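So the protein sequences, as listed, match chains A and B.
In this text, residue positions in the first sequence follow our numbering: the first is 21, and each later residue adds one.
In this text, residue positions in the second sequence follow our numbering: the first is 127, and each later residue adds one.
Since the hints were derived computationally from the structure, they do not count as laboratory data.
If you want the ones that stay clear, here's a sample from chain B, every Cβ over 10 Å from chain A, calculated:
1. 157
2. 162
3. 204
4. 237
5. 239
6. 324
7. 337
Partial list, computed: chain A residues near chain B (C-beta under 7 Å):
8. 44
9. 45
10. 49
11. 50
12. 81
These figures come from a predicted structure and were not determined experimentally.
Heads up, the beta-carbon is just placed ideally off N, CA and C, and yes, glycines get one too.
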Amino acid sequence: MGRPVAGRPRRTQVSTVSEQTAPIHGSDRVKRGMADMLKGGVIMDVVTAEQAVVAERAGAVAVMALERVPADIRAHGGVARMSDPDVVEAIMRAVSVPVMAKVRIGHFVEAQVLQAVGVDYVDESEVLTPADEAHHCDKHAFTVPFVCGATNLGEALRRIGEGAAMIRSKGEAGTGNVVEAVRHMRAITGGIRHLSRLAPEERYAAAKELGAPADLVAEVAETGRLPVVLFTAGGIATPADAALMMQLGADGVFVGSGIFKSADPAGRARAIVEATTYFDAPEVVAKVSRGLGEAMAGIEMGTLGDADRLAGRGW
Amino acid sequence: MVDAPAAGAGAPAVGVLALQGDVAENLAMLRHAGARATPVRRPSDLDGLDGILVPGGESTTIGKLAAMYGLLEPLRERLAAGLAAFGTCAGAILLARGAVLHDGRPSDQPLLGGLDMVARRNAFGRQIASFEADVDVAGVDGGPMRAVFIRAPWFEELGADVRVLAAVETPLGARVVVARRGRVLASAFHPELTHDDRLHRLFVGIASTPT
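Chain A with its partners taken away, still in its complex shape (with noise of 0.2 Å):
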């Protein structure tokens, strides 16, 4: 599919011979192009085909696909997988916009499902319960491409490593509270920072304190940037927090529970997506920030015990 062709299609002044080269899935640059497309937008959790329109109404980017938002997961407990198949396919077939679904941590061949399904992209999050301890799926094993989450330069830098297209900081999901977000986001810039202040040879050392690819981390302090898109995720619950995280250097907003466990989900979401448009913007943010109602209730990171806390997970 997509082979250039020589000759014309229709009639036209112009003749358009081109190249025979196999066109080519798949690519680094395949995978990452598809998340600057999705950049300044939210992404938004859906679990069911109904949500899914909502979003999409909203202004919604892209949406996740999972089988709980990570509020009930942990209200619930159990073990959190990938969906059912019927339901990802169901999200796909109500909105046109792209559809991500989640997977545990080193579950390759639930990868290899969403794969086969034909979402278009993979979220390996650690809101899922960990498969796998010590490894990470081989995300360059794939043609769908791979969002991850990380908490610091290093663990950004080892999922690219692995083929990760994307990256998420992860703050802390299903709490509807900021601070590890800030906290996370806070860390891989200024990670970054402090990479393209060192001189070449300091940078080996560094890579080894990071526990990152030397390439990986030679690029970045060459270029001041990730070489994938950074969005940001985990606690996200009002129009200000999606501008402060854009403010804070976010390429675009994950929103989980934030949106389906408030009072208003239409109203909060359209100004979420507003917000993150507008992230420079006071006065628009003021204005969509106006009448929403009820955020979702939020939980405070003290009384988070640290079984609770969803970012240790991913190594």
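Dock chain B against chain A, hints included.
Coordinates of chain B only, in the frame set by chain A:
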């Protein structure tokens, strides 16, 4: 191809619709191609522009935000009055007269229009069918462009005055991926992802030529 002038007092002013998508890459490419490039997020940002670039992104999101923030009508009026325009991928969908989904069902979304053609969204398939390949573009010298197609559209039902600049072979036959009518240019692929600025230079040349 018209050579782009060096950026300066005489350089054309080109806006990039900056509601969502790969805005930064297109601003950088336009500046490299010799334009004075600025982001457009409000109607007043359109004042004095010689051209508008509508970037890749999610066409439904960009269209909704353009409608909410009062950009649809001013853009439609300026396009009708001859504003130069370049749309890539989602931007090309927005510049089309009509849009249909992958399976041909109508896509109910706000469009800017400007090009007499119908864009078939995600025409090559979902992301796992996204691809890169060399594509020759008529009027672009220097060999084929490395074209990156991301959930890309193709263009159908072209009006008589819409020129085909490039097409690719598909199982259904050849399909149009670059088209131009007068001052409006549309590409289904993303030249900003390969840092090949030849199409951007073509567009800057169009924008710097008086209507």
